[in-house]
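Chains as they are written, first to last, in UniProt numbering: chain A, 1 to 698; chain B, 1 to 698.
Don't read these hints as lab results, they were simulated from the structure. Take these hints with a grain of salt, some might be off.
Put simply, identical chains are the same to the list, so a pair is met inside one copy or across any two.
Below, simulated DSSO-like cross-link-like pairs (lysine-lysine); rule was C-alpha separation at most 27 Å, straight line [unchecked claim]: (1) 693 x 315; (2) 527 x 408; (3) 408 x 128; (4) 285 x 408; (5) 537 x 144; (6) 285 x 127; (7) 636 x 198; (8) 507 x 542; (9) 136 x 257; (10) 315 x 285; (11) 559 x 257; (12) 534 x 446; (13) 257 x 144; (14) 408 x 636.
Source: prediction; values computed, not measured.
There are 2 protein chains.
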Amino acid sequence: MDARNMLRFLVLSFGFTLVLLLTWFHFPTSFLNKETLDCNVYSGWCTSKNRFHSSNPINKPKFSTHNQKPRHESDVPHHPLDPLTIREFNEVRAILSEHPLFKSSNSYTLNSIVLDEPDKELVVKWKKGQPLLPRKVSVVALVKGVTHTLIVDLSTSEVTNHETRSPSSGYPTMTIEDMQSVLDVPLKSDEFNRTIIKRGVNLSDLSCLPLAAGWYGTPVEENRRLIKVQCYSSKGTVNFYMKPIEGLTVLVDMDKKEVVSITDNGLNIPVANGINTDYRYSVQKLNGEMNYLINPISLEQPKGPSFTVDGHIVKWANWEFHLKPDPRAGIIISQAKTYMDAGEYGFGLQAMPLDPLNDCPRNAYYMDGVFTSADGTPFVQPNMICIFESYAGDIAWRHAECPITDMKVTEVRPKVTLVVRMAAAVANYDYIIDWEFQTDGLIRSKVGLSGILMVKGTTYENMNQIPDQEYLYGTLLSENIIGVIHDHFITYYLDMDIDGSDNSFIKVNIKKQETSPGESPRKSYLKAVRKVAKTEKDAQIKLQLYDPSEFHVVNPLKKTRLGNPVGYKLVPGATAASLLDHEDSSQKRAAFTNNQIWVTPYNKSEQWAGGLLVYQSHGDDNLQVWSNRDRPIENKDIVLWYTVGFHHVPSQEDYPIMPTVSASFDLKPVNFFERNPILRMPPNFQDDLPVCKARDSA
Amino acid sequence: MDARNMLRFLVLSFGFTLVLLLTWFHFPTSFLNKETLDCNVYSGWCTSKNRFHSSNPINKPKFSTHNQKPRHESDVPHHPLDPLTIREFNEVRAILSEHPLFKSSNSYTLNSIVLDEPDKELVVKWKKGQPLLPRKVSVVALVKGVTHTLIVDLSTSEVTNHETRSPSSGYPTMTIEDMQSVLDVPLKSDEFNRTIIKRGVNLSDLSCLPLAAGWYGTPVEENRRLIKVQCYSSKGTVNFYMKPIEGLTVLVDMDKKEVVSITDNGLNIPVANGINTDYRYSVQKLNGEMNYLINPISLEQPKGPSFTVDGHIVKWANWEFHLKPDPRAGIIISQAKTYMDAGEYGFGLQAMPLDPLNDCPRNAYYMDGVFTSADGTPFVQPNMICIFESYAGDIAWRHAECPITDMKVTEVRPKVTLVVRMAAAVANYDYIIDWEFQTDGLIRSKVGLSGILMVKGTTYENMNQIPDQEYLYGTLLSENIIGVIHDHFITYYLDMDIDGSDNSFIKVNIKKQETSPGESPRKSYLKAVRKVAKTEKDAQIKLQLYDPSEFHVVNPLKKTRLGNPVGYKLVPGATAASLLDHEDSSQKRAAFTNNQIWVTPYNKSEQWAGGLLVYQSHGDDNLQVWSNRDRPIENKDIVLWYTVGFHHVPSQEDYPIMPTVSASFDLKPVNFFERNPILRMPPNFQDDLPVCKARDSA
């Protein structure tokens, strides 16, 4: 467990996944209000103009970087976990087009095409230079309103598995075409057009968003795919989110492209003026608003970064892992293996290209994603992930000895980390996902929220007009604009394999121990009571400040020299819990937020906390349901789930754009190493640091 | 409340103080074990060789910086809050030497000499260029075992106030001489010398530490100042902390320099071998342990930093504050006004010089402290505080618009902050205290723990020898070494003056609101219930995950344009609570940890959560006692107290030196600004960034 061996032990030590991200808006109004912000619906917007067509030259990444990236057309996989290549996507499409299911239908959509990862044991055994393991592909398709899941074996060009799903399990992620086509549907309605005119909005200023319909178990929802369309005025600002046409919502049948119903209860609510909500630099500069400047500051590495990227293998300091983009999860880090996802959505699909020098510092490496659209044609998601070294001026460790000991000691080491980042702009909200690797073996997972609030129109212009502020359910942010109280939950799937796949989860409870009479003048001490979770229910955990525990995942059969089992612990950061009624339909569907921590036995079909098919799901195939089976988890291949939560009571500072708010948790070695692995890091010396000049004087 | 006015509103907006820091070790053994690590006792070590004598040339700071620092001999105060200068210290000493209390005594100690800050209202009204307000000085002295507090008026050269304290209120911080002189006392005892020989320790390798005795209400403690001496072997390592002479503790009368009692119950416990515990670069390098290197990485600002320091006034971006070193608090930030302290101790006294390039990045500004020793002579604490701009590659805010809207928008701003840092090496532990200022008005206060664990010797060499691991009260870190479970608590004194001194504390409770039948398919929504704290007991708060609140300090009479009261909120980070019995003597003395949040009316005599005189205090003059008076706090000049806690269950990775572990909380504007104040910040442009070369190629 020594630092030199860290790679070995971390290889296949982790597989973690951010599985589900929900943004809830809580309106005390009618059925049609946006209670769930289904952001995946916008992924199409972000990618539709960015398609890869094999007959065309590949879209060049919008921003050039210092890295030479391969042309994706000729990509071949080098590692069993490497994502599907353009060639492979095209093979899949050819195979499926000959399959009876698709051959007989002239309208179907391929909602998801991703690598079906080989069994863990095979991946662990596989060595560089060996032939690649057989490549299999997992496909989710929608044919005439019915969901199908298939496995395609590329080595035999055959469909080896095919299952048909019932509508009650939910539908797959919407396609770009679904989302784009529904936006025009409301205009077919005279009622809608009349309302738009009454509200004083020109059709040329109309901006509409498709919002996931959720699931409430009403008859209107049965056996059809629904979507809500919510509209805005974009007059005078790109920040149309701040100009909602309040109370107007159109429920649309996605397949028939028909209006199901229109709710229009905001005729008395003016569209907000949106003055000075345009946040762009060009506009702010024009308005002369740039009134303070900070001298340029930059992370400089004239000898270049210290990490290497070979295909999808990243190496840095004492770390090595496999990194790939994923259409649903966003980032997957394997061997350490990581997914991120946005539930019904498609985090990777929504990942806008990162903005060099602003989203990531100089010397960052940018990785593209290659995904497919609804008909199976691949496209490139450029500059989707960045990798960089970070140094904030912080201290990795230090000690200064006091002069009286005659030991003239001052030893301090700067803290440098490796960050893997993506930013998903899910319509209004921007999620920044960081995985940060430290030289002491700690992994910090951080999620940042920025972008624009989803607001609600109101007749109110000042708080003094509001009789009972409690029932505002939010904060007056500007005239006619309420920022509504809402929550965010991000659930991480952490497939922990500490030094082997069979692990145990131990709750290390910190407890007060009363002393015996006369034992000590003290009445109590602290002790740690270790309790191994035998079954899943032992590991359904709500965090408690006054009943604190550490949460260890250990390999019970591997011990340090001193006899401590090797492990990693989950260290929660500040978080928030869901306060909703468990019987509430949204909470049923998002029941994975009922606890902060869960542990399940590894099961390939249980990768997404909200279920594989989340759209209009009923909540009968999710983490709560699986965990309630109460299967044995001691000394098994286990998956740790952790949910980060935010309560967001907006304030005027969130208007018209939100400063980034972050939350994080750590995975921290606990007796994984025999000793502190970072003693070996040298301090900074003046002569090692770069010599820099301002560009205008260089 | 707009960004341009931020300075005005933040001037005298805050006064916050880190008041009390306790490190507890919980041993289920005898009275004499170190239950409280009283780190101030080492402050002498850190400063005794660093005295300023006005007849000698001033000690030059150990490290030169790019800043030209004034010679402290000629310092004069420029601002009513500026710390006492060397000249003023010498004036105080002259005045006191003529006072009957000291004239008649040939042995007294001046335990604390600090500026007695003028009344807030006078400081607020004072403008640059006006004559300084009368300079008054607060003195704590110990004369023949009795504590005296005095106020000296430098404008009249008179002692204007003199109070005598009873021993039951506790004693002042020990002096350097107290601490140094007690270390030899054990050697007067034959029993002690015999034990040292029996343990196989050479006198030349003996290293002893003075540890505060605490208070348990036993007869032996009455009316005398006690201290415990704990000894180590430093054979073969500078990390003697890892080689305790376990079970040997000597209780010493500090004034009589006599052994009161010796406890020796560890004869069967070997002194650990300490192999490879020496963490110094020079030693690790010699051992060939430096086996991976990261290319140089540096925060570069070729146009220099963007902040200015004028005397003690720091200006950066939209911030301005007064910054001074303090012997007890460490850092005081005023107008924003901040103290930090270590209870019985003296955080400023223990602040070792910061190590440029490692403790703080390039372009940092270093500030010295000028304090006094026990006889009132001033000395310089060089490079005690650093100020620097930080950029970790993070994102202040971002939004990317989707292509379907035909708004080609990608706006991202890098996050640059200003950090004020000190590092106090309190014997084995190193505390890193950061105050970080963001351009969006947020202040993050962070405390990092590094350094060396206080460990316990044991006969055990492997976990398999230990029958009941619960009663180990810790973790086996190396052969014969146990890292004991302990807590750290840091209490911050936050004298909030939001846009004026009269403020209210509001608990904004986030609650589930059930819907009426038929109102909605949803069963519940979130609402915010605002409750103004009328009296102190309304503001005694324990954090609860499932009953969450925001904690606002507002000026109820100042409203934004929209009618929201202007305010700041306290945003707790991950924290830990004390689990000890309230009747436990340690908990009684540290009763300020009974809640995470408290609010008290401003009272000049209530500045330190554990009381002014903490040494051997009984717990009858602290935050719990004051708050229980339940005074009115609505629309008053109020002080907010917040405690950050850590549970530390050590792991092998903490041996032989600990990677930094941090915790933080935020003070965040909530309707303090009319809108997001950071829209004005421009993005990074390639042409603004520096041009750098590796030094060896430059």
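| request: Go through the numbered hints given earlier and state which of them the structure violates, listing their numbers in rising order. | output: Checked against the structure, the hints that fail are numbers 2, 3, 5, 6, 7, 9, 11, 12 and 14, while the rest are satisfied.
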